[in-house]
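S.K.: Residues per chain are reported as follows:
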Amino acid sequence: MRPMTLLRLALAGTRTDAARVLLTGLSAGLATLGILAALTVAAIPTVADGGNNVSPQYRNALLAEAGLRPGVVFALVLLTVPVLALAGQCARLGAPARDRRLSSIRLAGATPGQTVAIAATETGVASLLGTLAGLGIYLGGRELLHRPGADGRLPLPTDVLPPWWALAAVCVGIPLLSALVAAVMLRRVVVTPLGVVRRVRTKRPKPWPGALIIVGLGTTALIVPLQRGFGSLPSEAFLLLVLFALLAATAGTVLGTGWISYRVGRLLHRFARRPAALIAARRLMADPWNGSRTLAALLGCLVLAGGAAVIRASFAADFALGNEVSRRYAAAQGVDYFPSDHSFYFQSLDLVNLAIMVGLLIATGGLVVALTEAVVSRRRAYAALVATGVGRGTLARAVLWQSMAPAALGVLLALAVGTGLAYGLFGTAVTAYDFSVCPAGDCEQPRIVRNVPFPLVDLALFGVGGLAALLAAVGVGLLFLRASTALEELRV
Amino acid sequence: MSTPYVLMGLLAGGPKHGYDLKRAHDARLPRAKPLAFGQVYATLGRLARDGLVTPAGQDQDAGPERTSYTLTDTGHAALTTWLATVEPPLPHLTSVLLAKVVVALLVTDISQARGYLVAQRAAHTTRLRELTALKTDPDATLSDVIAADYGIAHLDADLRWLQTTLARVADLHKEIAR
Amino acid sequence: MSILHARGVVRAFGHTPALRGVTLAIAEGEIVAVTGPSGCGKSTLLHCLAGILRPDAGEVIYRDHRIDTLSEGGRSRLRRTEFGVLFQFGQLVSELTAAENVALPLLLAGTGRRAARTAALSWLDRLGVADLADQRPGEMSGGQQQRCALARALVTEPRVLFCDEPTGALDSLTGEQVLSHLVRVARQQGTTVLLATHDARVAGYADREIALRDGQVDPSGFGVEAAIR
Numbered sequence: 001m002r003p004m005t006l007l008r009l010a011l012a013g014t015r016t017d018a019a020r021v022l023l024t025g026l027s028a029g030l031a032t033l034g035i036l037a038a039l040t041v042a043a044i045p046t047v048a049d050g051g052n053n054v055s056p057q058y059r060n061a062l063l064a065e066a067g068l069r070p071g072v073v074f075a076l077v078l079l080t081v082p083v084l085a086l087a088g089q090c091a092r093l094g095a096p097a098r099d100r101r102l103s104s105i106r107l108a109g110a111t112p113g114q115t116v117a118i119a120a121t122e123t124g125v126a127s128l129l130g131t132l133a134g135l136g137i138y139l140g141g142r143e144l145l146h147r148p149g150a151d152g153r154l155p156l157p158t159d160v161l162p163p164w165w166a167l168a169a170v171c172v173g174i175p176l177l178s179a180l181v182a183a184v185m186l187r188r189v190v191v192t193p194l195g196v197v198r199r200v201r202t203k204r205p206k207p208w209p210g211a212l213i214i215v216g217l218g219t220t221a222l223i224v225p226l227q228r229g230f231g232s233l234p235s236e237a238f239l240l241l242v243l244f245a246l247l248a249a250t251a252g253t254v255l256g257t258g259w260i261s262y263r264v265g266r267l268l269h270r271f272a273r274r275p276a277a278l279i280a281a282r283r284l285m286a287d288p289w290n291g292s293r294t295l296a297a298l299l300g301c302l303v304l305a306g307g308a309a310v311i312r313a314s315f316a317a318d319f320a321l322g323n324e325v326s327r328r329y330a331a332a333q334g335v336d337y338f339p340s341d342h343s344f345y346f347q348s349l350d351l352v353n354l355a356i357m358v359g360l361l362i363a364t365g366g367l368v369v370a371l372t373e374a375v376v377s378r379r380r381a382y383a384a385l386v387a388t389g390v391g392r393g394t395l396a397r398a399v400l401w402q403s404m405a406p407a408a409l410g411v412l413l414a415l416a417v418g419t420g421l422a423y424g425l426f427g428t429a430v431t432a433y434d435f436s437v438c439p440a441g442d443c444e445q446p447r448i449v450r451n452v453p454f455p456l457v458d459l460a461l462f463g464v465g466g467l468a469a470l471l472a473a474v475g476v477g478l479l480f481l482r483a484s485t486a487l488e489e490l491r492v
Numbered sequence: 493m494s495t496p497y498v499l500m501g502l503l504a505g506g507p508k509h510g511y512d513l514k515r516a517h518d519a520r521l522p523r524a525k526p527l528a529f530g531q532v533y534a535t536l537g538r539l540a541r542d543g544l545v546t547p548a549g550q551d552q553d554a555g556p557e558r559t560s561y562t563l564t565d566t567g568h569a570a571l572t573t574w575l576a577t578v579e580p581p582l583p584h585l586t587s588v589l590l591a592k593v594v595v596a597l598l599v600t601d602i603s604q605a606r607g608y609l610v611a612q613r614a615a616h617t618t619r620l621r622e623l624t625a626l627k628t629d630p631d632a633t634l635s636d637v638i639a640a641d642y643g644i645a646h647l648d649a650d651l652r653w654l655q656t657t658l659a660r661v662a663d664l665h666k667e668i669a670r
Numbered sequence: 671m672s673i674l675h676a677r678g679v680v681r682a683f684g685h686t687p688a689l690r691g692v693t694l695a696i697a698e699g700e701i702v703a704v705t706g707p708s709g710c711g712k713s714t715l716l717h718c719l720a721g722i723l724r725p726d727a728g729e730v731i732y733r734d735h736r737i738d739t740l741s742e743g744g745r746s747r748l749r750r751t752e753f754g755v756l757f758q759f760g761q762l763v764s765e766l767t768a769a770e771n772v773a774l775p776l777l778l779a780g781t782g783r784r785a786a787r788t789a790a791l792s793w794l795d796r797l798g799v800a801d802l803a804d805q806r807p808g809e810m811s812g813g814q815q816q817r818c819a820l821a822r823a824l825v826t827e828p829r830v831l832f833c834d835e836p837t838g839a840l841d842s843l844t845g846e847q848v849l850s851h852l853v854r855v856a857r858q859q860g861t862t863v864l865l866a867t868h869d870a871r872v873a874g875y876a877d878r879e880i881a882l883r884d885g886q887v888d889p890s891g892f893g894v895e896a897a898i899r
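Top to bottom, those sequences are chains L, B and F.
Be aware that the first sequence starts at 1, since it is given in my numbering, and climbs by one per residue.
Be aware that the second sequence starts at 493, since it is given in my numbering, and climbs by one per residue.
Be aware that the third sequence starts at 671, since it is given in my numbering, and climbs by one per residue.
If you are wondering where the hints come from, they were derived from the structure by calculation, not from laboratory data.
The reader is advised that the hints may include incorrect statements.
To be verified - Taking beta-carbon pairs under 10 Å as the criterion, some of the chain F residues facing chain B (in silico): (1) 803; (2) 849; (3) 890.
Unchecked claim - Every beta carbon over 12 Å from chain B, so not counted as near; a handful from chain F, in silico: (4) 675; (5) 680; (6) 697; (7) 727; (8) 747; (9) 752; (10) 765; (11) 804; (12) 878; (13) 897.
Don't be surprised by glycine CBs; every beta carbon is placed ideally from N, CA and C.
Starting from the given sequences, assemble the full structure and let the hints guide the process.
M.R.: The following block contains the structure:
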């Protein structure tokens, strides 16, 4: 097969295929931007200024202070995770039709390898274009946003460029990686010349993902004692442990949603009396992993959100306690009390929240794609049901039940896991020594312990926000229900 | 019998003598039994007697084979009536094939039935293949194809009926055995 | 000398047996009808012989080579070079034009686009649908689609053509046109044809008939044994 033939076959498709290619390109572009931003921050040269490593050309402390930059890089890389999840959802868009096309091509004599090559080329070319567009936006943005303020300092690191080999690696790596992922995803379906056989996981989900959550929570709980035991852990080991705990707990949450879906399906099946809930129950039991797949990005974001809420509460408690001790000290010494300024930390935490919001938004985009696809790909079955007299309202309620019932529990679990992780790491209480008691330090100072208040409001906001995002996505999906259940759909 | 009407139909196009009529008949109905001269003249004689056709002139050396005939108005009317009359669709369900299959399946012994049914089906399919070959011959005329189609459709109907009958009887055996 | 040979071919789908030991030999250049009622295993037999399905047991031999033991890719290449397939419907890629569809097997084998298109156009012309070259399957009638599919099956000049109810979705006159094209070209090229059908009129185009019943070759042709038992 010549390259031109490969390209022609890869790009033959309908409007749905075009939408998939476009969205694949878009997510590749977003991922490129995220990774390039991370690389840029990582490339900021450090100027040793006395004891502090600073890069004084930046206005924002997050960029200027070398100690904070790894966190920024980490956050930027984390932001690419929902983008990748979005890419995964988009890859499923119109995939059944694509697989049928590949099956026809196999009937014409294509080998299995050739069909994989065709699918991988489609994704690879789309991501290459997206990556190049992302690179273009990045390079253009550097010029446009290079606005030194009156003090000559920069708002963004527009004065550094990652090394050329890193840029090249991104431009080659992202398309190659997505082509590879497309090839691997095709392993889930067997494209034969006679049609497409989907390898469905029919095994009932087991609650073992719970073990992953426990491992994650256990790891964070161990970090603090370990640090105490070793004096201090090297920062790489600390970061690795945190990352491991985060990944394990998030994976456990996402996979556990499969089990939750199945259980919810069984419960609904036992107690539901209305057709909508019964349809939803059967669907949940038939494909419990569907929830895991569609909700993965949302749940991942909510784990982080839960953690962020606790960290904010913990910081706030710590600062409040610090201020209280200072006030007592000032009162004892009879000097004026000036509360210290902690706005930098809260601004940084605001940035974290912003990142989580962006992540939630991208995840919602992925949900819209997934739920719309779920409705559209079942249109024949839906149209047949409508033709036999099932009301569209019943179908809509079934879709709603099916999406919301496991999601509500999944959202709760994700927030709980996130809070658990953060409590494990930061503890449920903050302590300080009351140095107002004996300022000279010649006697024992009493230890004040304050509980970190449970950040109920923040968590509730995130939970409601997550469910609202899901509800909005279901709503968009349902908009397609009417068009998809037009009885003409039975004819195609 | 339809022969008188076929001849009248052929005469509807203009006067013809007996020899022309025979040739035209064989060309239009190529796969039918060829018409004998004697039958043509006998039929024409009967039609003339009934006033449906009339002699329209003779060539010099008079003789029956040189007399050309033309259709009378009565003849026209009779032909129109014939064409307008619907043929009763299969009024009587009798045929030698039907009788033989019934006897073979229900009356005779097993080996005889087997022999007859297999041979009959082979004969049908062979004839069907012959007619298909005739039809796909590049030199086949439209009349050939129409006639072959008629035969193929009937053979196919016979074969399908045979097949269905066997399946029914087999089901019956299964039910009795149960 | 037989070109295609099956010995004791068995194939089941799940617990449902489709073929229970089929043995047959097809001579080169023969047109053979595989007949039988629906569900008798016609399609499965054709798929096994064409290397689309792998039999559970038994052997399929094409020109002295076992093809049932070939890899998926090997069988795909064999189908591309030696075999052609024509199904009831749905074998054309709906996103490609007629000419691209016909050229597809050549393109997959590495032929250049220009040469493949030339070959495709000449076959479309031979089958009387040259004017449809740049239309998509959705814009054609069923008969036109089948002629394009036949052109695609023949473009590689296969030695064996497998046809599974090729006229099943067509009215009888359109089906007849497709069949007479098929038989004419096969005779000209000396192509061996296997024609699965439940229709005696379609089987009438073949030189001989292999009847299947319940996944086995039925020598009587139509289930006499069951009826007179």
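S.K.: None of the hints should be skipped; say for each whether it holds.
M.R.: Here is what the structure says about each hint:
no. : hint : verdict
1   : 803  : violated (26 Å)
2   : 849  : holds (8 Å)
3   : 890  : holds (5 Å)
4   : 675  : holds (24 Å)
5   : 680  : holds (24 Å)
6   : 697  : holds (17 Å)
7   : 727  : holds (28 Å)
8   : 747  : holds (34 Å)
9   : 752  : holds (26 Å)
10  : 765  : holds (35 Å)
11  : 804  : holds (30 Å)
12  : 878  : violated (9 Å)
13  : 897  : violated (4 Å)
Hint compliance for this structure: hints 1, 12 and 13 are broken, all remaining hints hold.
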